[in-house]
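Protein chains in written order, with the working numbering: chain A, 944 to 1188; chain B, 17 to 353.
Don't take each hint at face value.
As the list claims (entries may be wrong) - Reference listing, derived: stretches of chain B covered by chain A, where coverage requires no fewer than 3 residues with Cβ under 8 angstroms from a Cβ of chain A:
#, region
1, 109-123
2, 133-147
Stated by the list, open to error - Capping the alpha-carbon separation at 20 angstroms, the derived lysine to aspartate or glutamate pairs in EDC-like fashion look like this:
#, chain 1, residue 1, chain 2, residue 2
3, A, K945, B, D113
4, A, K964, B, E125
5, A, K985, B, D113
6, A, K1022, B, D113
Unchecked claim - What follows is a list of derived Cβ distance ranges for each label pair:
#, chain 1, residue 1, chain 2, residue 2, range
7, B, A209, A, P965, 37 to 45 angstroms
8, B, N159, A, I1187, 32 to 40 angstroms
9, A, W951, B, P325, 39 to 47 angstroms
10, B, R84, A, T1106, 27 to 35 angstroms
11, B, K138, A, S1099, 31 to 39 angstroms
12, A, Y1137, B, R182, 52 to 60 angstroms
13, A, S1099, B, R322, 22 to 30 angstroms
14, A, P1159, B, R182, 51 to 59 angstroms
15, B, A44, A, M944, 38 to 46 angstroms
16, B, H286, A, M944, 57 to 65 angstroms
17, A, I1177, B, K38, 32 to 40 angstroms
18, B, H286, A, M958, 56 to 64 angstroms
19, A, N1153, B, A44, 25 to 33 angstroms
Everything labelled a hint here was simulated from the structure, so no lab data went into it. Being a predicted model, the structure only gives us computed values, none of them experimental. Backbone N, C-alpha and C fix where the C-beta goes; we use that ideal spot for every residue, glycine too.
If you want the building blocks of each chain, they are given just below.
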Amino acid sequence: MKQWIAFWNIVLKDMRAYYLKPPNISWGIIFPIAWTGMFFIKSGGGLEQVLPLLPGVIAVSILFGTTSMLAVTVTFEKKARSFERLLLAPVRLELLMLAKTGGAILFGVANACVPIGLARLLVDLSGISWGAMAAAVTMIAIVSTFLGLFIAVSVSEIFEAQTFSNFFRFPMIFLCGLFFPIDRLPIFLRPLSYMAPLTYGVDILHGAINEANTMPLALDFLIIGIFCFALFFISVRNIHRKWIV
Amino acid sequence: MEIQAPPTVASQDSPAFIEARKMTKRFAGVVAVDRISFDVGKGELFGFLGPNGAGKTTTINMLTGLARPDSGTIRIGGLDCARDPKAAQHLFGVVPDESNLYPELTGFENLCFCAALYGMRKNERRAGARELLETFELTDAANRKFEGYSKGMKRKLTIAAGIIHRPQVLFLDEPTTGVDVASARRIRQMIAALHVSGTTIFLTTHYIEEAERLCHRIAFIVGGRIVRIDTVSNLLQAVRGKHVMLISVAHSVPALCASLSLAFPALDFHTVSERELRVESATPISVGPLVRLIEDQGADVTEARRMQPSLEDVFVRVTGIEADAMRKEREKTEAGL
Chain A
944 MKQWIAFWNI
954 VLKDMRAYYL
964 KPPNISWGII
974 FPIAWTGMFF
984 IKSGGGLEQV
994 LPLLPGVIAV
1004 SILFGTTSML
1014 AVTVTFEKKA
1024 RSFERLLLAP
1034 VRLELLMLAK
1044 TGGAILFGVA
1054 NACVPIGLAR
1064 LLVDLSGISW
1074 GAMAAAVTMI
1084 AIVSTFLGLF
1094 IAVSVSEIFE
1104 AQTFSNFFRF
1114 PMIFLCGLFF
1124 PIDRLPIFLR
1134 PLSYMAPLTY
1144 GVDILHGAIN
1154 EANTMPLALD
1164 FLIIGIFCFA
1174 LFFISVRNIH
1184 RKWIV
Chain B
17 MEIQAPPTVA
27 SQDSPAFIEA
37 RKMTKRFAGV
47 VAVDRISFDV
57 GKGELFGFLG
67 PNGAGKTTTI
77 NMLTGLARPD
87 SGTIRIGGLD
97 CARDPKAAQH
107 LFGVVPDESN
117 LYPELTGFEN
127 LCFCAALYGM
137 RKNERRAGAR
147 ELLETFELTD
157 AANRKFEGYS
167 KGMKRKLTIA
177 AGIIHRPQVL
187 FLDEPTTGVD
197 VASARRIRQM
207 IAALHVSGTT
217 IFLTTHYIEE
227 AERLCHRIAF
237 IVGGRIVRID
247 TVSNLLQAVR
257 GKHVMLISVA
267 HSVPALCASL
277 SLAFPALDFH
287 TVSERELRVE
297 SATPISVGPL
307 VRLIEDQGAD
317 VTEARRMQPS
327 LEDVFVRVTG
337 IEADAMRKER
347 EKTEAGL
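If we strip away everything but chain A, and leave its shape as in the complex, we get (with noise of 0.2 angstroms):
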């Protein structure tokens, strides 16, 4: 139960001091708004284009929202030395990481949220399959978070993990099936969208949202819970390896 009190105390206190506040709000909103607008514009479509680039754009506010957040949240504490205050904690490690990594999933889930209403007010969403679509983006939403941890655990300065996000952020954009399917994309560059893992997680959404997936759902949940067990536990690892010398 006390473990359960720091837990949940450590996620208020993250969405109090960094997800709550103005400028993440805003930039939390914006930058969807910024994704589904130049998307939607560069398809040069009309309506009917809002469908298909919807899991693109989910997934794309997901990840930049979560991994940018993971610097602040996790590389600003290590820096500032108050991160100590939670490794003398009498929490487990994974625990307390979870608890860190929880706010960031929540924000995540949050900024999914703005491209669902903004195409709710364009196009009918009737069609699609809400259950799948929720566990897709909660799935994207973890495993984008774990990449932001484990980028965060890996370097020691904010503008550090900042660099080192986009390493992973931006060829996820073009590899991974979010605006350009991958069986289209030259064929040396395939084996690299299978090892990212936001390729499941979009494979999901474009399931649930256009009946396009192109493996089977089951597989793609495997696929991502595998990231994200292998993301979290290496992160830890790291902390320890690294932080508790």
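Could you slot chain B onto chain A? The hints should help.
What follows is chain B alone, placed relative to chain A:
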């Protein structure tokens, strides 16, 4: 100087609550802490004294689980902390050498959050935070963000955060470094009050007089090795009966100590600073001849003051390090020079 590790001296009044045995830590091949062993009794105020880079913070980090010892054992409250650093974390609070609370939270929120990390319920957290803010004279600043606090206020709130969960042991790393005289004094009073209330305190400090005033037992650590552990009264025994005088001059004179040593072979002369000399003797010191010779050397004596031998003398004798040099080194580091 060859330093021999002393035998472990346990607290004589109470059973050991913190037990460290042959604790060693290396960083990139450099030995930061070298096979140190000590016990701290329950309810004891134990001082850990040494210059910059002596291994004080590394020792605290190993005891609290922020660093892993390369070898050795640590037990706190009978729990094996070297094997499982999380095992005893509920028993202790830590006040690090930097005030590392959350700048974006208020004083009250910071205390409540720190209490929550130890699983305290909401009502307990809020009541505890209010009580400590009052005790530490921070009630008026309770709703101000931590980033707006002065250095002394930050230090006080950081200490409050370390004790909000009422730990049995408190690790204090340089609690008064960098704060003004009044705040330092108030912090020392609070440390003494915590000790009286039964909290076991492990205190690291650069300030010898602070350790002398507060601690029951003291360990001197130099170059990662403990060179002496004993009670303050036993440590002072070595300098009892000694006569000490501090002489201040208007401006520095080169080689003044050397020429005085030649003229007065029975006296020991130490340069404290550019304008201060420390004279030690087993017999009473005659001031007149000493002042005359110094003035003959071209220095104007502005003050000659007899002093009570202190722990500083013991420290200088045991470690060979001038306490003032240690203090200056610290001030230089703080100023970022």
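Comparing the hints with the structure gives:
1. 109-123: holds (count 9)
2. 133-147: holds (count 5)
3. A:K945 <-> B:D113: Not OK: K945 (chain A) and D113 (chain B) at ~27 angstroms, beyond 20 angstroms, violated.
4. A:K964 <-> B:E125: Holds, at about 16 angstroms.
5. A:K985 <-> B:D113: Since the Cα atoms of K985 (chain A) and D113 (chain B) sit roughly 55 angstroms apart, the hinted pair is violated (cutoff 20 angstroms).
6. A:K1022 <-> B:D113: holds, 15 angstroms
7. B:A209 <-> A:P965: 37 to 45 angstroms: holds, 42 angstroms
8. B:N159 <-> A:I1187: 32 to 40 angstroms: holds, 35 angstroms
9. A:W951 <-> B:P325: 39 to 47 angstroms: Distance hint for W951 (chain A), P325 (chain B) is violated at roughly 56 angstroms.
10. B:R84 <-> A:T1106: 27 to 35 angstroms: About 30 angstroms separates the Cβ atoms of R84 (chain B) and T1106 (chain A), which means 27 to 35 angstroms holds.
11. B:K138 <-> A:S1099: 31 to 39 angstroms: holds, 35 angstroms
12. A:Y1137 <-> B:R182: 52 to 60 angstroms: holds, 54 angstroms
13. A:S1099 <-> B:R322: 22 to 30 angstroms: violated, 53 angstroms
14. A:P1159 <-> B:R182: 51 to 59 angstroms: Because 55 angstroms falls inside the window, the suggested range holds.
15. B:A44 <-> A:M944: 38 to 46 angstroms: holds, 42 angstroms
16. B:H286 <-> A:M944: 57 to 65 angstroms: With Cβ atoms ~59 angstroms apart, the hint holds.
17. A:I1177 <-> B:K38: 32 to 40 angstroms: Roughly 33 angstroms apart at Cβ, these two residues keep to the hinted range, so it holds.
18. B:H286 <-> A:M958: 56 to 64 angstroms: About 58 angstroms separates the Cβ atoms of H286 (chain B) and M958 (chain A), which means 56 to 64 angstroms holds.
19. A:N1153 <-> B:A44: 25 to 33 angstroms: violated, 55 angstroms
Violated hints, in rising order: 3, 5, 9, 13 and 19; the structure is consistent with all others.
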